[in-house]
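Trainee: Please build the complex by placing chain R on the supplied structure of chain Z, with the hints as guidance.
The chain contents come next:
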Amino acid sequence: MTTHYLVLSALLFAIGAVGVLIRRNAIVVFMCVELMLNACNLAFVTFARQHGNLDGQLIAFFVMVVAAAEVVVGLAIIVMIFRTRRSASVDDANLLKY
Amino acid sequence: MNGTIQAPTIEYALLSPMLIVFGAAIIGVLIEAFAPRYLRKSIHMPLTLLALLGAFATTILGAANGLPTSASAMGAVAVDGPALFVWGIILILAFVSVLLINDDEQFVAQAAAVPGSSDEEEAVRSGYAQTEVYPLLLFAVGGMLLFSSANDLLAMFVGLEVMSLPLYLLCGLARRRRLLSQEASVKYFLLGAFSSAFFLYGMALVYGYTGTVSLRGIGDALGAGSGQETLLLIGTAMLGVGLLFKIGAAPFQAWKPDVYQGAPTAVTALMASTVLVAAFGAVLRVFWVALGGLEWNWQPVMWGIAILTMVVGAILAITQTDIKRMLAYSSVAHAGFLLTGVIATGAAAQNAKALSAILFYLAAYGFTTVGAFAVVTMVRDAGGEAGHLSRWAGLGKRSPFLAGVFAFFLLAFAGIPLTSGFFGKYAVFAAAVSGGAVPLVVVGVVSSAIAAFFYVRVIVLMFFNDPAADGPSIAVPTVGTSAVVALAAAATVVLGVFPQPVLDLADQAASALFIR
Numbered sequence: 001m002t003t004h005y006l007v008l009s010a011l012l013f014a015i016g017a018v019g020v021l022i023r024r025n026a027i028v029v030f031m032c033v034e035l036m037l038n039a040c041n042l043a044f045v046t047f048a049r050q051h052g053n054l055d056g057q058l059i060a061f062f063v064m065v066v067a068a069a070e071v072v073v074g075l076a077i078i079v080m081i082f083r084t085r086r087s088a089s090v091d092d093a094n095l096l097k098y
Numbered sequence: 001m002n003g004t005i006q007a008p009t010i011e012y013a014l015l016s017p018m019l020i021v022f023g024a025a026i027i028g029v030l031i032e033a034f035a036p037r038y039l040r041k042s043i044h045m046p047l048t049l050l051a052l053l054g055a056f057a058t059t060i061l062g063a064a065n066g067l068p069t070s071a072s073a074m075g076a077v078a079v080d081g082p083a084l085f086v087w088g089i090i091l092i093l094a095f096v097s098v099l100l101i102n103d104d105e106q107f108v109a110q111a112a113a114v115p116g117s118s119d120e121e122e123a124v125r126s127g128y129a130q131t132e133v134y135p136l137l138l139f140a141v142g143g144m145l146l147f148s149s150a151n152d153l154l155a156m157f158v159g160l161e162v163m164s165l166p167l168y169l170l171c172g173l174a175r176r177r178r179l180l181s182q183e184a185s186v187k188y189f190l191l192g193a194f195s196s197a198f199f200l201y202g203m204a205l206v207y208g209y210t211g212t213v214s215l216r217g218i219g220d221a222l223g224a225g226s227g228q229e230t231l232l233l234i235g236t237a238m239l240g241v242g243l244l245f246k247i248g249a250a251p252f253q254a255w256k257p258d259v260y261q262g263a264p265t266a267v268t269a270l271m272a273s274t275v276l277v278a279a280f281g282a283v284l285r286v287f288w289v290a291l292g293g294l295e296w297n298w299q300p301v302m303w304g305i306a307i308l309t310m311v312v313g314a315i316l317a318i319t320q321t322d323i324k325r326m327l328a329y330s331s332v333a334h335a336g337f338l339l340t341g342v343i344a345t346g347a348a349a350q351n352a353k354a355l356s357a358i359l360f361y362l363a364a365y366g367f368t369t370v371g372a373f374a375v376v377t378m379v380r381d382a383g384g385e386a387g388h389l390s391r392w393a394g395l396g397k398r399s400p401f402l403a404g405v406f407a408f409f410l411l412a413f414a415g416i417p418l419t420s421g422f423f424g425k426y427a428v429f430a431a432a433v434s435g436g437a438v439p440l441v442v443v444g445v446v447s448s449a450i451a452a453f454f455y456v457r458v459i460v461l462m463f464f465n466d467p468a469a470d471g472p473s474i475a476v477p478t479v480g481t482s483a484v485v486a487l488a489a490a491a492t493v494v495l496g497v498f499p500q501p502v503l504d505l506a507d508q509a510a511s512a513l514f515i516r
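Just so you know, the sequences run in chain order Z and R. For the first sequence, the UniProt record's numbering begins at 1 and goes up steadily by one. For the second sequence, the UniProt record's numbering begins at 1 and goes up steadily by one.
Incorrect hints may appear among the rest.
[Claimed, not checked] Per the computed footprint, the stretches of chain R lying under chain Z, defined by three or more beta-carbons under 8 Å from a beta-carbon of chain Z, are:
1. 211-223
2. 252-264
3. 363-373
[Said to hold, decoys possible] Computed Cβ-Cβ distance ranges for the label pairs, DEER-style:
4. A76/Z / A483/R: 42 to 48 Å
5. A10/Z / G304/R: 22 to 28 Å
6. Q57/Z / Q110/R: 22 to 28 Å
7. A10/Z / T319/R: 52 to 58 Å
8. D92/Z / Q500/R: 50 to 56 Å
[Said to hold, decoys possible] One side only, chain Z facing chain R, incomplete, derived with CB under 10 Å:
9. N41
10. Q50
11. V66
12. E70
13. M80
Please keep in mind that the hints were generated in silico from the structure rather than gathered at the bench. Don't be surprised by glycine CBs; every beta carbon is placed ideally from N, CA and C.
Chain Z on its own, in the form it takes in the complex (with noise of 0.2 Å):
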């Protein structure tokens, strides 16, 4: 009966890339992003159990670690753009091109 837990995955994991696709605020966006990772988790930990081995949890673990690590980082960055630009909109970000 893993299958259920599969399908939910794969739905967050469209739902955070069709997020990060089409909204327009960074803060939002890397929340789709996050949404992405913890579809892989739920992928991970059902596996985990069809396959009767460990590996699969084991995995989530480093997966929130490297998570935590990835929100520091990003809204490090965000908060710098917001300070500067007043707007978090990834489309007022647009003065690097050819």
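Mentor: Frame of chain Z; chain R shown alone:
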């Protein structure tokens, strides 16, 4: 349940390059916390250089002591011939880049101060410097070492993130044109995080198919061949997306020009050379060791990506007006040339040939890139570096030596004989031909010709145009910067005129292929 817990065996001697770099990075963080501000830089510089030198020395020692036959650290890291060669290149290039980074003009006085505010003026007046650059750089280099030698997907993912996170921050620390720099940082971060989520989901699906994340285990499970093929194929594609993003292959190249342009040029030099080297180490491991049995499925896609990458890189480079963006697209094209080597698989001897060609190409390209960006840091006008190509007109008349060196680097990128680029390209294309990828080589040669056009255009601009009246001045280089240019030029000449020792070394490193 009274079983004893077995302690894992860790080969500290083999892993010491990585341990030295990470150890020095942690000491660097402590220096930031405890050393007084005026002392920090003078402690960081020698520490960083010594750590990179020490790591390089232990890499050589590791190679001299004979290669291990099995993976280290309970199968998580494979310290084999290719890994040691890649480590050596990364450490030398990082060392050279540190000499370039040791320039106060490059980095912001205080990253937290809003550009144009009184805080910023205050920070500049007080002579602050963001010395966190050094530990960040060491963490990034440590991550590259792990990324390129990981023998299971989990270690590879951790290495990927440890490499990328410090680089996102380093991109945002330019002293001039801070808006561009911050924008580059945001773009790199959001796209990088997006792509690593794909890598991770691909890893989950491959784990779902095989029940393991070790590259060897995946390879064996493919041989057994049972279960949901779809799971495996989607997983492979997603792993590929994550890895190809890092090398900047064609549908995923959009970040490269923006990030290369916005980042402080010293950081661009580091990224453009070492990240490509580390990422190719990882690409080869995933696609050859783990997914070698799936060759027939990924090769056609990789053909398309290689062709697209070469063509897109070469054609878009022509349209650029900024020197750093042009070099970024040239780096995209070079990633395409390298991919032709990744595709050229076959029997063991053919694989060894392709691998050795890729290793040599990476060494040659890395040095030339660092040198080219070092020259870019020296051409300055009132607003900082003069990036726009029109500002470079007539540089050859003002500063013939510098323009000559830059022209030489451009010719090396184009692959003119007697430069390192020629032998790199020749080796990769020769491997591709013997691997049966003749159409790819034809596309490669044609896009090399297109690329040569814009390299030569810059040379013509520098030597045969009249300099503008208010043209940029050539900054008097610091000792570090001139050392970088000299080293890079020397490496480009030596690898172009007398490449045999390095070719032999690459052959030797590649002969045993990857350990599983």
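Trainee: Could you check the structure against the hints above and give me the numbers of any it violates, in ascending order?
Mentor: 3, 4, 6 and 7
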